[in-house]
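Letter by letter, the chains look like this.
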Amino acid sequence: MTATNNNAIPRVGLSHLDHLWFQVAGTLCNLTCHHCFISCSPHNDFFGFLSLAEVKRRLEESIPLGVKEYYFTGGEPFLNPEMTDILVLTLRYGPATVLTNGTVLKDEWLVRLRAAEELSVYALEFRVSIDGFSPEVNDPIRGEGTFARAMRGVTKLVEHGFLPIITAARTWPIEREQEVVGSFCKMLQAAGYSRPRLKILPTLQLGAETGRTCGYAPEERVTTAMMEDFDQSQLICEHSRIVTDRGVQVCPILIEAPESVLGETLVESQRPFVLSHGVCWTCYQNGAICSNPSSGDKDA
Amino acid sequence: MPEHRTVALFGGIYANHLALAAALADAQRRGADAIYCLGDLGAFGPHPDKVFPLFKEHDIQSVRGNYDDSIGNERADCQCGYTDPRDNYFAELSYDYTMANTSPPNRAWLKNLPSEIRFQLGAASVLLCHGSPRKMNEFLWESTTSTQFLEYLADEHQADVICNTHTGIKWQRDLSRNRKFVNVGVLGRPENDGRPHVWYTLLSAGDSREITVEFIPVPYDHDRLAAEMRAERLPEEFIATILSGWWTTCLEVLPAKERRRGRF
Ligand code: SF4
Ligand code: SF4
Ligand SMILES: [Fe+2]
Numbered sequence: 068m069t070a071t072n073n074n075a076i077p078r079v080g081l082s083h084l085d086h087l088w089f090q091v092a093g094t095l096c097n098l099t100c101h102h103c104f105i106s107c108s109p110h111n112d113f114f115g116f117l118s119l120a121e122v123k124r125r126l127e128e129s130i131p132l133g134v135k136e137y138y139f140t141g142g143e144p145f146l147n148p149e150m151t152d153i154l155v156l157t158l159r160y161g162p163a164t165v166l167t168n169g170t171v172l173k174d175e176w177l178v179r180l181r182a183a184e185e186l187s188v189y190a191l192e193f194r195v196s197i198d199g200f201s202p203e204v205n206d207p208i209r210g211e212g213t214f215a216r217a218m219r220g221v222t223k224l225v226e227h228g229f230l231p232i233i234t235a236a237r238t239w240p241i242e243r244e245q246e247v248v249g250s251f252c253k254m255l256q257a258a259g260y261s262r263p264r265l266k267i268l269p270t271l272q273l274g275a276e277t278g279r280t281c282g283y284a285p286e287e288r289v290t291t292a293m294m295e296d297f298d299q300s301q302l303i304c305e306h307s308r309i310v311t312d313r314g315v316q317v318c319p320i321l322i323e324a325p326e327s328v329l330g331e332t333l334v335e336s337q338r339p340f341v342l343s344h345g346v347c348w349t350c351y352q353n354g355a356i357c358s359n360p361s362s363g364d365k366d367a
Numbered sequence: 564m565p566e567h568r569t570v571a572l573f574g575g576i577y578a579n580h581l582a583l584a585a586a587l588a589d590a591q592r593r594g595a596d597a598i599y600c601l602g603d604l605g606a607f608g609p610h611p612d613k614v615f616p617l618f619k620e621h622d623i624q625s626v627r628g629n630y631d632d633s634i635g636n637e638r639a640d641c642q643c644g645y646t647d648p649r650d651n652y653f654a655e656l657s658y659d660y661t662m663a664n665t666s667p668p669n670r671a672w673l674k675n676l677p678s679e680i681r682f683q684l685g686a687a688s689v690l691l692c693h694g695s696p697r698k699m700n701e702f703l704w705e706s707t708t709s710t711q712f713l714e715y716l717a718d719e720h721q722a723d724v725i726c727n728t729h730t731g732i733k734w735q736r737d738l739s740r741n742r743k744f745v746n747v748g749v750l751g752r753p754e755n756d757g758r759p760h761v762w763y764t765l766l767s768a769g770d771s772r773e774i775t776v777e778f779i780p781v782p783y784d785h786d787r788l789a790a791e792m793r794a795e796r797l798p799e800e801f802i803a804t805i806l807s808g809w810w811t812t813c814l815e816v817l818p819a820k821e822r823r824r825g826r827f
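These protein sequence lines map, in sequence, to chains A and B. The opening position of the first sequence corresponds to residue 68 in our numbering, with each subsequent residue numbered one higher. The opening position of the second sequence corresponds to residue 564 in our numbering, with each subsequent residue numbered one higher.
If you are wondering where the hints come from, they were derived from the structure by calculation, not from laboratory data. Treat the hints loosely; a few may be bogus.
Said to hold, decoys possible - Covered, in the sense of this in silico footprint (three residues per stretch, anywhere, with C-beta under 8 Å from a C-beta of chain A), are these stretches of chain B: (1) 667-678; (2) 812-825.
As the list claims (entries may be wrong) - Each computed SDA-like pair below joins lysine to any residue, with the alpha-carbon atoms no more than 20 Å apart: (3) A/K266 / B/R822; (4) B/K698 / A/K253; (5) A/K266 / B/F827; (6) A/K266 / B/Q711; (7) B/K698 / A/L84; (8) B/K698 / A/T99; (9) A/K266 / B/F653; (10) A/K173 / A/V188; (11) A/K253 / B/Q711; (12) A/K266 / B/N651; (13) B/K698 / A/K123; (14) A/K266 / B/K698; (15) A/K266 / B/D647; (16) B/K698 / A/K223; (17) A/K266 / B/L814; (18) A/K223 / B/R822; (19) B/K698 / A/F297; (20) A/K253 / B/D647; (21) B/K698 / A/L81; (22) A/K253 / B/T811; (23) A/K223 / B/R823; (24) B/K698 / A/R243; (25) A/K123 / B/C813; (26) A/K266 / B/R592; (27) A/K253 / B/P648; (28) B/K698 / A/G133; (29) A/K266 / B/P648; (30) A/K253 / B/D650; (31) A/K253 / B/R826; (32) B/K698 / A/E305; (33) A/K266 / B/R649; (34) A/K266 / B/C813; (35) A/K253 / B/F827.
Said to hold, decoys possible - Negatives, chain A to chain B, calculated, CB over 10 Å: (36) A75; (37) M254; (38) E323.
None of the values given here were measured: they were computed from a predicted structure. Just so it is clear, CB atoms sit at the ideal spot from N, CA and C, and this is done for glycine as well.
With the hints as extra help, turn the sequences into a complete structure.
Shown next, in the form of structure tokens:
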């Protein structure tokens, strides 16, 4: 990068399309979490479902590009009536990770998915989002009764032989991290999950989240100067793209911004992206927030 | 570029000098005409300086692993990228121990190791790396690495056979045009299967372009290694792994499939 103006807004190129995401449930969700960064709800159909046929077309398209892993998000992916079929299919192409709120999982789906994973060489990872170690912390953010329902989802996944990764947005001061995480683990163990896997995510200030705390100040922007000596692979847009019902977009976080649509095909979407948005600044501060720990420091 | 018919490939040694000696004897018995290491000489085990004379005596060339890079350059940590506080605690303990017990000349030797090694095996070109050909500390697990991604690596890095280590668990995948990807496993610690032996990999050139991959189990005196670790006051959690074959730390990086096969 030639830094002529240190305050200029940098652009990030795609080093390689490692992770292909699918906005598989659009913006439809059975919950209405306060911090949801794309304001999902039972009525938000701004983005729609992706069909099994569309996912299949994209999986085929991804092979010559050497995609390493597939990620599924929403909204709540399991509101998509074809979700089980989509995951069963994906496990023929590569590893699959699905981000769910854990509240709508059905036994018959999990039986099928566990069998499909067993037949595949690839892992199926479930990431269940919760917001705290108790209903008192979680429910005011995610809705009445959601803590208990998500915990039932976790228990159900464990009973079916999965080892879900529980992700929690950080809603506590960082100084209390050890204590909070420790009691969270104990609670999971008490609920029958003997070897809990956890991942803590920074909170994003977007969508509904803007109403809860505050938006971004003008100086909270990534600049060219900030990119010097910075490991760009920490940014999702450096190694990922997301398929939505409007085409291929830069990353799962920014889908609402019109300029984040990079094209109709995966090949077209491989061009660089200008980090002009405030949320890019959070991304920059916190590193990649959406991948699994097993990818190594590429996704720390 | 060197040319070979049969090579022995050693993954992470993690200072396990007893397993290294056992593997060397085994590889010679099987007629390996060269022995290579894919990096991470230190970590985890006792007396890190003990493996260096064996490398020199047997002329083992090695790739630079993340641990070698850290110790050689006296970096702040091992670059494994753990985020779990417990994993980090153990990683730090063994890193500080390894740093303190690796002599300055050996550190300098580690620092100068190459990031990749290439040679011919019969008609096939082989590329040895540590994590992946593009990144020293990238974890490539069997269950989280698609075949099309490995094809991309083989195209991009122009190799018929790519070999790596770093994760601690061996696996292989056949690619198009007779190409292959092989994670050679590690000699440093057992692979989380409840058995105390460790593994190395033998690659042989056949008459055609075909390459044979053999994973070789290496039994060694793990009780003695455990005793040495105890005498050096290394964590009981590490010793338990050496004796039982189950991983007790650094579990956060395991994908679901690999984690499920273990006990913890
Ligand atoms: S954060 Fe997740 S569970 Fe909550 S509303 Fe958004 S998509 Fe739904
Ligand atoms: S939000 Fe993050 S991943 Fe998305 S474009 Fe901005 S910096 Fe890249
Ligand atoms: Fe390593």
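Quick rundown of the hints versus the structure:
1. Residue count for the region 667-678 of chain B with a Cβ under 8 Å from a Cβ of chain A: 0. That is fewer than the three needed, and the coverage hint is violated.
2. Look at the region 812-825 of chain B against chain A: 10 of its residues bring a Cβ nearer than 8 Å to a Cβ of that chain, three or more, so the hint holds.
3. For the given pair, A/K266 sits about 16 Å from B/R822 by alpha-carbon distance, which is consistent with the 20 Å threshold.
4. Proximity of B/K698 to A/K253 is assessed by CA-CA distance (about 36 Å); at most 20 Å being required, the pair is judged violated.
5. Taken as a hint, the A/K266 and B/F827 pair is honoured in the structure, with Cα atoms around 18 Å apart against an allowance of 20 Å.
6. This hinted pair does not check out: A/K266 and B/Q711 have alpha carbons roughly 28 Å apart, beyond 20 Å.
7. The suggested pairing of B/K698 with A/L84 holds, with an alpha-carbon distance near 15 Å, which does not exceed 20 Å.
8. For the hint pairing B/K698 with A/T99, the CA-to-CA distance comes to about 40 Å; that exceeds 20 Å, so the pair is violated.
9. Annotation: proposed proximity of A/K266 to B/F653 holds, straight-line Cα distance about 19 Å (limit 20 Å).
10. Of the pairs offered as hints, the one joining A/K173 and A/V188 is violated, with about 24 Å between alpha carbons and a cut-off of 20 Å exceeded.
11. For the hint pairing A/K253 with B/Q711, the CA-to-CA distance comes to about 40 Å; that exceeds 20 Å, so the pair is violated.
12. About 15 Å separates the Cα atoms of A/K266 and B/N651, which keeps this hinted pair within 20 Å; it holds.
13. Of the supplied pair hints, the one linking B/K698 and A/K123 is violated, its CA atoms being roughly 30 Å apart against a limit of 20 Å.
14. The suggested pairing of A/K266 with B/K698 is violated, with an alpha-carbon distance near 23 Å, which exceeds 20 Å.
15. For the hint linking A/K266 to B/D647, the alpha-carbon distance of about 9 Å falls within 20 Å, and the restraint holds.
16. Only pairs whose Cα atoms come within 20 Å are accepted, and B/K698 paired with A/K223 is rejected, the gap being roughly 37 Å.
17. Only pairs whose Cα atoms come within 20 Å are accepted, and A/K266 paired with B/L814 is accepted, the gap being roughly 13 Å.
18. Under the criterion of a C-alpha separation no larger than 20 Å, the hint pairing A/K223 with B/R822 is consistent with the structure, at around 18 Å.
19. About 16 Å separates the Cα atoms of B/K698 and A/F297, which keeps this hinted pair within 20 Å; it holds.
20. Pair hint A/K253 plus B/D647 holds up; C-alpha atoms about 15 Å apart against a cutoff of 20 Å.
21. With a CA separation close to 16 Å, the supplied pair B/K698 and A/L81 stays within the 20 Å bound.
22. Restraint check: the Cα-Cα separation between A/K253 and B/T811 comes to about 18 Å, which is no more than 20 Å; the hinted pair holds.
23. Taking the CA atoms of A/K223 and B/R823, the gap is near 16 Å; set against the 20 Å cutoff, the hint holds.
24. Among the hinted pairs, B/K698 with A/R243 is inconsistent with the structure: their alpha-carbon atoms are about 34 Å apart, more than 20 Å.
25. For a cut-off of 20 Å, the pair hint linking A/K123 to B/C813 is broken: about 36 Å separates their Cα positions.
26. Between the alpha carbons of A/K266 and B/R592 the distance comes to roughly 47 Å, so the proposed pair goes past 20 Å and is violated.
27. For the given pair, A/K253 sits about 15 Å from B/P648 by alpha-carbon distance, which is consistent with the 20 Å threshold.
28. Between the alpha carbons of B/K698 and A/G133 the distance comes to roughly 16 Å, so the proposed pair stays at or under 20 Å and holds.
29. Among the hinted pairs, A/K266 with B/P648 is consistent with the structure: their alpha-carbon atoms are about 12 Å apart, no more than 20 Å.
30. Under the criterion of a C-alpha separation no larger than 20 Å, the hint pairing A/K253 with B/D650 is consistent with the structure, at around 17 Å.
31. Proposed proximity of A/K253 and B/R826 is supported: the alpha carbons are some 19 Å apart, at most 20 Å.
32. A C-alpha spacing of about 15 Å is found between B/K698 and A/E305, which places the hinted pair at or below 20 Å, so the restraint holds.
33. Distance hint between A/K266 and B/R649 is fulfilled; the C-alpha atoms sit about 14 Å from each other, no more than 20 Å.
34. Proposed proximity of A/K266 and B/C813 is supported: the alpha carbons are some 14 Å apart, at most 20 Å.
35. This hinted pair checks out: A/K253 and B/F827 have alpha carbons roughly 15 Å apart, not beyond 20 Å.
36. No Cβ of chain B approaches the Cβ of A/A75 within 10 Å, the least distance being about 28 Å, so the stated non-interface status holds.
37. Annotated as non-interface, A/M254 keeps its C-beta farther than 10 Å from every C-beta of chain B; the closest such distance is 17 Å.
38. Distance to chain B confirms A/E323 as a non-interface residue, since its nearest Cβ pair spans about 29 Å, more than 10 Å.
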